[in-house]
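Colleague: Given chain A, put chain P in place with the hints provided.
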Amino acid sequence: MLGSPSLRLVGKRLLMAVPIVLGVSILTFWVLNLIPGNAAQQLLGPEASPDQIQQLEEEMGLNRPQVVRYLDWLGGAVHGDLGTSLVSRQPVTDELGPRLAVSGEVVGLAFLISLGLAIPVSLLAARWPNRMLDRISMVVSTTGLSVANYVFALLLVLLFAVQLAWFPAIGYTPLSESVTGNLRSLALPAIAIAFPLFCFYTRFLRSDLVDQMQGEDYIMTARAKGIGPWQVLLRHAFRNSAFGLITIVGLNLSTLIGATVIIEQIFALPGIGQMLLQAINTRDFIVVQACVIVFAIITVLANLLADLLYAVLDPRIRYGSN
Amino acid sequence: MSDTLLQVEDLRVRFDQRGRRVYAVNGLSYRLRAGQMLAIVGESGSGKTVSSRALMGLLPPSATVTGSARIDGVELVGMPEPEMRRHRGADIAMIFQDPTRSLNPTMRIGAQITEAIRAHARVEKDAARARAMELLSLVRISDPQRRFYEYPHQLSGGMRQRVMIAIALASDPKLLIADEATTALDVTTQAQIMDLLGELRSRLGTAIILISHDLGLAASYADDVIVMYAGRAVEYAPTRTLFAKMRMPYTRALLDAIPRLERQSHARLPITPGQPPDLTALPPGCAFEPRCARATPQCRTSRPPFAQHEVGHWWACWNPCKDGEPV
Chain A
1 MLGSPSLRLV GKRLLMAVPI VLGVSILTFW VLNLIPGNAA QQLLGPEASP
51 DQIQQLEEEM GLNRPQVVRY LDWLGGAVHG DLGTSLVSRQ PVTDELGPRL
101 AVSGEVVGLA FLISLGLAIP VSLLAARWPN RMLDRISMVV STTGLSVANY
151 VFALLLVLLF AVQLAWFPAI GYTPLSESVT GNLRSLALPA IAIAFPLFCF
201 YTRFLRSDLV DQMQGEDYIM TARAKGIGPW QVLLRHAFRN SAFGLITIVG
251 LNLSTLIGAT VIIEQIFALP GIGQMLLQAI NTRDFIVVQA CVIVFAIITV
301 LANLLADLLY AVLDPRIRYG SN
Chain P
323 MSDTLLQVED LRVRFDQRGR RVYAVNGLSY RLRAGQMLAI VGESGSGKTV
373 SSRALMGLLP PSATVTGSAR IDGVELVGMP EPEMRRHRGA DIAMIFQDPT
423 RSLNPTMRIG AQITEAIRAH ARVEKDAARA RAMELLSLVR ISDPQRRFYE
473 YPHQLSGGMR QRVMIAIALA SDPKLLIADE ATTALDVTTQ AQIMDLLGEL
523 RSRLGTAIIL ISHDLGLAAS YADDVIVMYA GRAVEYAPTR TLFAKMRMPY
573 TRALLDAIPR LERQSHARLP ITPGQPPDLT ALPPGCAFEP RCARATPQCR
623 TSRPPFAQHE VGHWWACWNP CKDGEPV
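So the sequence lines, in the order shown, correspond to chains A and P.
Letter by letter, the first sequence follows residues 1 to 322 in our numbering.
Letter by letter, the second sequence follows residues 323 to 649 in our numbering.
Excised from the complex, chain A in its bound form (with noise of 0.2 Å):
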């Protein structure tokens, strides 16, 4: 179906990615120097001397200028090294690896309840528009809207963690230990990232969908054809309205990394959001440096499956025939 022209464009996308990336690294880098006081001051706390501390910057290499450093963390981070950590003494990669598994799990499954339930939601209102279930629909997710991801954590864990201990408040069960378990200690988060992207995607999907039925010819030709009206929405506007749904859920992966990092801080979490902040406030810049690269390649990479996944459903667009 993709052809070469879609396989040039996906190395053109990952060659543009680069200086992306490059850019990033070196902002991040340069923002980290900023802010006072490094590793070698917190790991050693506010009693250590002047001396004891320029002794552990030595040691780590912090005396160097900042140039020399960056570069030198470069030439690892090129050949797949993104450097040994500053406070635990632990290579980087080891640690992001089953970081990373649980904030991708958290965020698959995020999506999974976001659109799961607004793809249905979004059918019957705009099967039915300005009827009880579109009308109850338009207020949940306008109101969803207005509420921050945790504020409504925090709301999510009062009612089903401490009046209902449904599910536990905070921690983490890995996968391997209990399948049930995992489900219960990620349920909550998973909740709290999927309501208001929910929200989201119905109230676009729903007017979407309404519109089109409205106002678009083929729909009008569909109808005219004699076929029932569930086939006129799935098959002819639904369809339509899927490509600016892959869009928007593409183009939101980045914003949910930013939710993760604060949800899982909230929900005591292992994922990577987690270990940036954690670097960040011990000052380990190349623990900082490895989760920013990670997200930002995770942010490069869900935009063009976007823009692929695009070109497959939509035969209008064949990239690169011009």
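These are calculated hints, taken from the structure and not from any lab test.
Heads up, some of the hints might be wrong.
No more than 25 Å apart at the CA atoms, straight line, and that leaves these computed lysine to aspartate or glutamate pairs for DMTMM-like [unchecked claim]:
id	chain 1	residue 1	chain 2	residue 2
1	P	Lys567	P	Asp578
2	P	Lys644	P	Glu365
3	P	Lys496	A	Asp217
4	P	Lys447	A	Asp314
5	P	Lys447	P	Asp420
Modeller: For chain P alone, coordinates are given in the frame of chain A:
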């Protein structure tokens, strides 16, 4: 008449939108024989499109339809939606103005045709595909094997309209409504599509309602012409009669607005002054009176009845044009 296919009587459509009441069709009556081509002509807002969509139950929920429209004796007005759906496409089909927008851009041509075939008959996929190829050949699309798997954007405007016709013919309808079906096409393609419609009519016996603002198009192809103004029929006659003895000043105005080769070049086209009437508040008299050169005080106060004044020739005017007399 025994061969009456469609009988429309006192058809009325009004829209209720946020407290505003728009009277779009105000008592339209006509009769269509099987295999006949009838042109409904009028400017935008004259009710020609609304009245034909009312026949198919394709109006938005804000519309209220009253009166009667019977196809083969079956009353369409007030028919519940599930039942209406069985007639839609099967008995009455429709093609629209803009073939670029009327086809789903994301579906292959073949799928859009087979969908119409399978809407009214239990047909296996293979049989539906074969029938779709047949329909594509019928509407003179070359290489149907290839076109079947193409998307609308890969086709020209004329070919898209042919595909629309193929879709409309999928279930062998008795009546095909062509709603400004050639307006968005260039003149050459327009003639090709009209010729195709004429050919299909004589081959398949499909009656056609040709909705157009173009009186010239109606003159070339239709058996009968209805001229509509402000939701009412104002003149109705066999095409030949109408053009030989035009009675309504409005019909004359429409005809005079058509550019002609024999006219002096760069001469201004005659323009009918004024605006089409406000459909929320129609005057008690003739709706065309404010724009009419022949209007008298009587026209303002009482509406001329739409009646058969000569054999087969109906009009609604107090001061009709005489034979050959200019407006």
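Colleague: Now tell me if each hint is right for this structure.
Modeller: The hints, checked one at a time:
| no. | hint | in the structure |
| --- | --- | --- |
| 1 | Lys567(P) x Asp578(P) | holds, 14 Å |
| 2 | Lys644(P) x Glu365(P) | holds, 24 Å |
| 3 | Lys496(P) x Asp217(A) | holds, 23 Å |
| 4 | Lys447(P) x Asp314(A) | holds, 24 Å |
| 5 | Lys447(P) x Asp420(P) | violated, 29 Å |
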